[in-house]
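Peer 1: So you can see what is in the structure, the chains are spelled out below.
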Amino acid sequence: GENVEQHPSTLSVQEGDSAVIKCTYSDSASNYFPWYKQELGKGPQLIIDIRSNVGEKKDQRIAVTLNKTAKHFSLHITETQPEDSAVYFCAASIRGDMRFGAGTRLTVKP
Amino acid sequence: DTAVSQTPKYLVTQMGNDKSIKCEQNLGHDTMYWYKQDSKKFLKIMFSYNNKELIINETVPNRFSPKSPDKAHLNLHINSLELGDSAVYFCASSHLYRGVYEQYFGPGTRLTVT
Numbered sequence: 001g002e003n004v005e006q007h008p009s010t011l012s013v014q015e016g017d018s019a020v021i022k023c024t025y026s027d028s029a030s031n032y033f034p035w036y037k038q039e040l041g042k043g044p045q046l047i048i049d050i051r052s053n054v055g056e057k058k059d060q061r062i063a064v065t066l067n068k069t070a071k072h073f074s075l076h077i078t079e080t081q082p083e084d085s086a087v088y089f090c091a092a093s094i095r096g097d098m099r100f101g102a103g104t105r106l107t108v109k110p
Numbered sequence: 001d002t003a004v005s006q007t008p009k010y011l012v013t014q015m016g017n018d019k020s021i022k023c024e025q026n027l028g029h030d031t032m033y034w035y036k037q038d039s040k041k042f043l044k045i046m047f048s049y050n051n052k053e054l055i056i057n058e059t060v061p062n063r064f065s066p067k068s069p070d071k072a073h074l075n076l077h078i079n080s081l082e083l084g085d086s087a088v089y090f091c092a093s094s095h096l097y098r099g100v101y102e103q104y105f106g107p108g109t110r111l112t113v114t
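Here the protein sequences come in this chain order: A and B. When the letters of the first sequence are read in order and numbered with the numbering used here, they come out as residues 1 to 110. When the letters of the second sequence are read in order and numbered with the numbering used here, they come out as residues 1 to 114.
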């Protein structure tokens with residue numbers, strides 16, 4: 001089955017700096033790669049996603065890249081703000097069967 | 001106008017008891033899921049239902065039984081609760097959109113077994 005690895009497990013940055021989280025997946029049949037943000041006491045919230053036929057997607061300060069050949073994808077957050085502090089999860093999906101990375105705890109220091 | 005809702009938000013119970021968690025979505029999605037999130041935040045899928053039919057059933061003890069009375073509801077019943085069942089349980093729903101299944105999560109139910 002699909003196996004998703006995510007790095008780093010914790011990331012601390014200064015406000016205004018960029019943050020990058022990387023994931024790899026094992027099953028080349030995966031065709032959908034969402035990213036979720038989970039704040040304390042809340043459920044994971046879909047913040048951006050990328051499909052297998054796209055290499056890059058950007059939404060304001062957030063961007064995702066996908067390298068299908070290498071089977072890895074990344075989340076880039078620019079100009080980080082304290083409210084970006086949360087746990088971020090990557091996932092890889094085949095026909096709705098979604099497998100998650102172990103999560104990255106991002107702390108943005110003011 | 002909550003999209004995916006779960007009740008209760010917190011559940012504290014003793015070992016050996018039987019409990020249920022309810023989930024409802026008003027998004028019109030065909031597929032619903034249950035996930036377990038352990039203390040290390042790892043999200044693991046447990047079950048998935050599509051139009052009331054079980055389509056994913058991971059290696060979960062048979063003390064856990066999902067029930068889908070209709071496609072807007074997926075409830076989770078747990079028999080003979082054990083200490084190791086303590087976790088946060090998330091319900092999610094998804095729909096097929098441009099060839100992929102976008103998934104949306106509920107707020108979670110924190111289960112504590114004492």
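No wet-lab data here; the hints were simulated from the structure. Don't take each hint at face value.
When the alpha-carbon atoms are kept at most 30 Å apart in a straight line, the in silico DSS-like pairs for lysine-lysine are as follows [what the hints assert, rightly or not]: (1) A:22 x B:67; (2) A:71 x B:67; (3) B:71 x B:36; (4) B:36 x B:67; (5) A:58 x A:37; (6) B:44 x A:22.
Interface residues of chain A toward chain B, partial, derived using beta-carbon atoms under 8 Å [what the hints assert, rightly or not]: (7) 8; (8) 31; (9) 32; (10) 43; (11) 51; (12) 55; (13) 61; (14) 89; (15) 97.
Cβ atoms here follow ideal geometry from the backbone N, Cα and C, with glycine treated the same way.
Peer 1: Does each hint fit the structure? Answer for all of them.
Peer 2: Now the hints, each set against the structure:
With a CA separation close to 36 Å, the supplied pair residue 22 of chain A and residue 67 of chain B exceeds the 30 Å bound. In summary, the hint linking residue 71 of chain A to residue 67 of chain B is not supported, as the alpha carbons are separated by about 36 Å, beyond the 30 Å threshold. Distance check on the hinted pair: residue 71 of chain B and residue 36 of chain B sit about 21 Å apart at the alpha-carbon level, within 30 Å; holds. Between residue 36 of chain B and residue 67 of chain B the alpha-carbon distance is near 16 Å, which keeps this suggested pair within the 30 Å criterion.
Restraint check for residue 58 of chain A and residue 37 of chain A: the C-alpha separation of about 16 Å stays at or below 30 Å, so the hint holds. Between residue 44 of chain B and residue 22 of chain A, the direct Cα distance comes to roughly 19 Å. Compliance with the 30 Å bound is thereby established for this hinted pair. Against a cut-off of 8 Å between C-beta atoms, the interface hint on residue 8 of chain A is violated, since the closest Cβ of chain B lies about 14 Å away. Hint on residue 31 of chain A holds. Least Cβ distance to chain B is approximately 6 Å, under the 8 Å limit.
Taking 8 Å as the C-beta contact cut-off toward chain B, the hint placing residue 32 of chain A at the interface holds, the least distance being around 4 Å. Because the smallest distance between the Cβ of residue 43 of chain A and any Cβ of chain B comes to about 4 Å, under 8 Å, the interface hint for this residue holds. Interface hint status for residue 51 of chain A: upheld, as the beta-carbon distance to the closest one in chain B is roughly 6 Å, under 8 Å. For residue 55 of chain A, the interface hint is violated, since its Cβ never comes within 8 Å of a Cβ in chain B; the closest pair sits about 16 Å apart.
Restraint check, residue 61 of chain A versus chain B: the minimum CB separation of about 21 Å is more than 8 Å; hint violated. Restraint check, residue 89 of chain A versus chain B: the minimum CB separation of about 6 Å is within 8 Å; hint holds. Among the interface hints, the one on residue 97 of chain A holds; its C-beta lies about 6 Å from the nearest C-beta in chain B, closer than the 8 Å criterion.
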